[in-house]
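There are 2 protein chains.
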Amino acid sequence: MSDHIVTSYDEDLKELASKISEMGGRAERLVEDSIKALVLMDMAGAAEAVEKDVIINSMDQEIEEKAVLTIARRQPMAQDLREIVSALRISVDLERIADLGKNIARRTLALEGKNQPKQLVHGIEHMAELTLAQLRTILDAYTARDDMSAIAVWHKDREVDALYNSLFREFLTYMMEDPRNISFCTHLLFCAKNLERIGDHVTNIAETIYYLNTGLPLEDRQFKEDEHLDLD
Amino acid sequence: MSDHIVTSYDEDLKELASKISEMGGRAERLVEDSIKALVLMDMAGAAEAVEKDVIINSMDQEIEEKAVLTIARRQPMAQDLREIVSALRISVDLERIADLGKNIARRTLALEGKNQPKQLVHGIEHMAELTLAQLRTILDAYTARDDMSAIAVWHKDREVDALYNSLFREFLTYMMEDPRNISFCTHLLFCAKNLERIGDHVTNIAETIYYLNTGLPLEDRQFKEDEHLDLD
Numbered sequence: 017m018s019d020h021i022v023t024s025y026d027e028d029l030k031e032l033a034s035k036i037s038e039m040g041g042r043a044e045r046l047v048e049d050s051i052k053a054l055v056l057m058d059m060a061g062a063a064e065a066v067e068k069d070v071i072i073n074s075m076d077q078e079i080e081e082k083a084v085l086t087i088a089r090r091q092p093m094a095q096d097l098r099e100i101v102s103a104l105r106i107s108v109d110l111e112r113i114a115d116l117g118k119n120i121a122r123r124t125l126a127l128e129g130k131n132q133p134k135q136l137v138h139g140i141e142h143m144a145e146l147t148l149a150q151l152r153t154i155l156d157a158y159t160a161r162d163d164m165s166a167i168a169v170w171h172k173d174r175e176v177d178a179l180y181n182s183l184f185r186e187f188l189t190y191m192m193e194d195p196r197n198i199s200f201c202t203h204l205l206f207c208a209k210n211l212e213r214i215g216d217h218v219t220n221i222a223e224t225i226y227y228l229n230t231g232l233p234l235e236d237r238q239f240k241e242d243e244h245l246d247l248d
Numbered sequence: 017m018s019d020h021i022v023t024s025y026d027e028d029l030k031e032l033a034s035k036i037s038e039m040g041g042r043a044e045r046l047v048e049d050s051i052k053a054l055v056l057m058d059m060a061g062a063a064e065a066v067e068k069d070v071i072i073n074s075m076d077q078e079i080e081e082k083a084v085l086t087i088a089r090r091q092p093m094a095q096d097l098r099e100i101v102s103a104l105r106i107s108v109d110l111e112r113i114a115d116l117g118k119n120i121a122r123r124t125l126a127l128e129g130k131n132q133p134k135q136l137v138h139g140i141e142h143m144a145e146l147t148l149a150q151l152r153t154i155l156d157a158y159t160a161r162d163d164m165s166a167i168a169v170w171h172k173d174r175e176v177d178a179l180y181n182s183l184f185r186e187f188l189t190y191m192m193e194d195p196r197n198i199s200f201c202t203h204l205l206f207c208a209k210n211l212e213r214i215g216d217h218v219t220n221i222a223e224t225i226y227y228l229n230t231g232l233p234l235e236d237r238q239f240k241e242d243e244h245l246d247l248d
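Listed in order, the protein sequences are those of chains A and B.
When we follow this note's numbering, the leftmost residue of the first sequence carries the number 17, and every step to the right adds one.
When we follow this note's numbering, the leftmost residue of the second sequence carries the number 17, and every step to the right adds one.
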């Protein structure tokens, strides 16, 4: 009987972890599809990406329910408890990442027919590649419970921030050069900001993986935040 | 003995709730101070607001630890479990609200010495008043466990969104009129967006209060989100 309970408990934890992985894959594809739609100005693709966010929201709710049910039924301690708390935290971050992807798709819909300097969209594309690579690596790190890889991702977020800051300046320059670029550039600026925020959620997940493995917080966050003081 | 455990459990829950209230008060003041600093271009005030965010981050961690400890020590069911889950959720939203307030303070620091049309700052101030009123009402609703008030706040977020949309258009107009306004307006645009996002977190808290009282999700969120499709 005791054996049965242990096995089924393990299954609860495994199910939570696999739901997180599935949700992560879906969030990643949503961001990818949104960027593709923006680059190609593919309105149908953008609309599809917006719709897909609904599934991810309901997965977030499922994971919370599953976590709460597991907590209520069992009395988890130490590592098991961290597993459940981590699933809860990561689920929140993935839901936000998908939301930010959806925001990019919505911007794309709003951009239909607007004057669009190709070079700026390329800048966004480049930033998206880096951000998506970070997201993929952190999802793999979660699957492998690899805190070293999580730390590497966490540090590499500086590159995402640096790219954002340079894009920000580029956008301002374009706007000043020609007022007809202002509306388009403002929307692209928000898309870039959405990617930068996706990067921040990736670092949150990195912190959670570190906590999951070690029981400790990933420190010196404050220091890191201060580096891009001027442009949050 | 059993009595003692029950009382102490109640105390755990009360302590969680009172920590949330304290954290809410601090987050509210941080946003208030950030807006004041922006309106008065008070750099010392802005720097102070940025620093205060550290305390709120550590409160979020304390609340999570306390919640996790309570879950680990007791085996909460139904209403008690919802109390703890709600504290966890609200703590995340308050941490984000404080973060967004801090972003405004950081923008203020970046705006020092820039050309600033007074009228635009007034627009932000007006939007901040509405957003802060929403935040105050939802914190009171949490203390009173008042789901009717939570629903009212949830619906009223439309007004915050409408104000944001109208500010957005105003900012674009200013930028197009005079390129010297572009840099300042872009920063203000992000400040307005931060307020709009604070409003979204307030609606999250409203949903949590509703769930806390009823055990049900606050529905038709999708419908609401679709209303400001064009400007996320």
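Among the hints, erroneous ones may be present.
Copies of the same chain look alike in the list, so a pair counts if it fits in one copy or across any two.
As the list claims (entries may be wrong) - Here are the simulated DSS-like cross-link-like pairs (lysine-lysine), alpha carbons at most 30 angstroms apart as the crow flies:
{"id": "1", "residue 1": "K68", "residue 2": "K172"}
{"id": "2", "residue 1": "K209", "residue 2": "K130"}
{"id": "3", "residue 1": "K35", "residue 2": "K52"}
{"id": "4", "residue 1": "K30", "residue 2": "K134"}
Hints in this document: simulated from the structure, not taken from any laboratory.
These are the hints, each one checked on the structure:
no.	hint	in the structure
1	K68 - K172	both (29 angstroms within a copy, 27 angstroms between copies)
2	K209 - K130	both (20 angstroms within a copy, 22 angstroms between copies)
3	K35 - K52	within (26 angstroms within a copy, 44 angstroms between copies)
4	K30 - K134	neither (45 angstroms within a copy, 56 angstroms between copies)
In this structure, only the earlier hint numbered 4 is contradicted, and the remaining ones agree with it.
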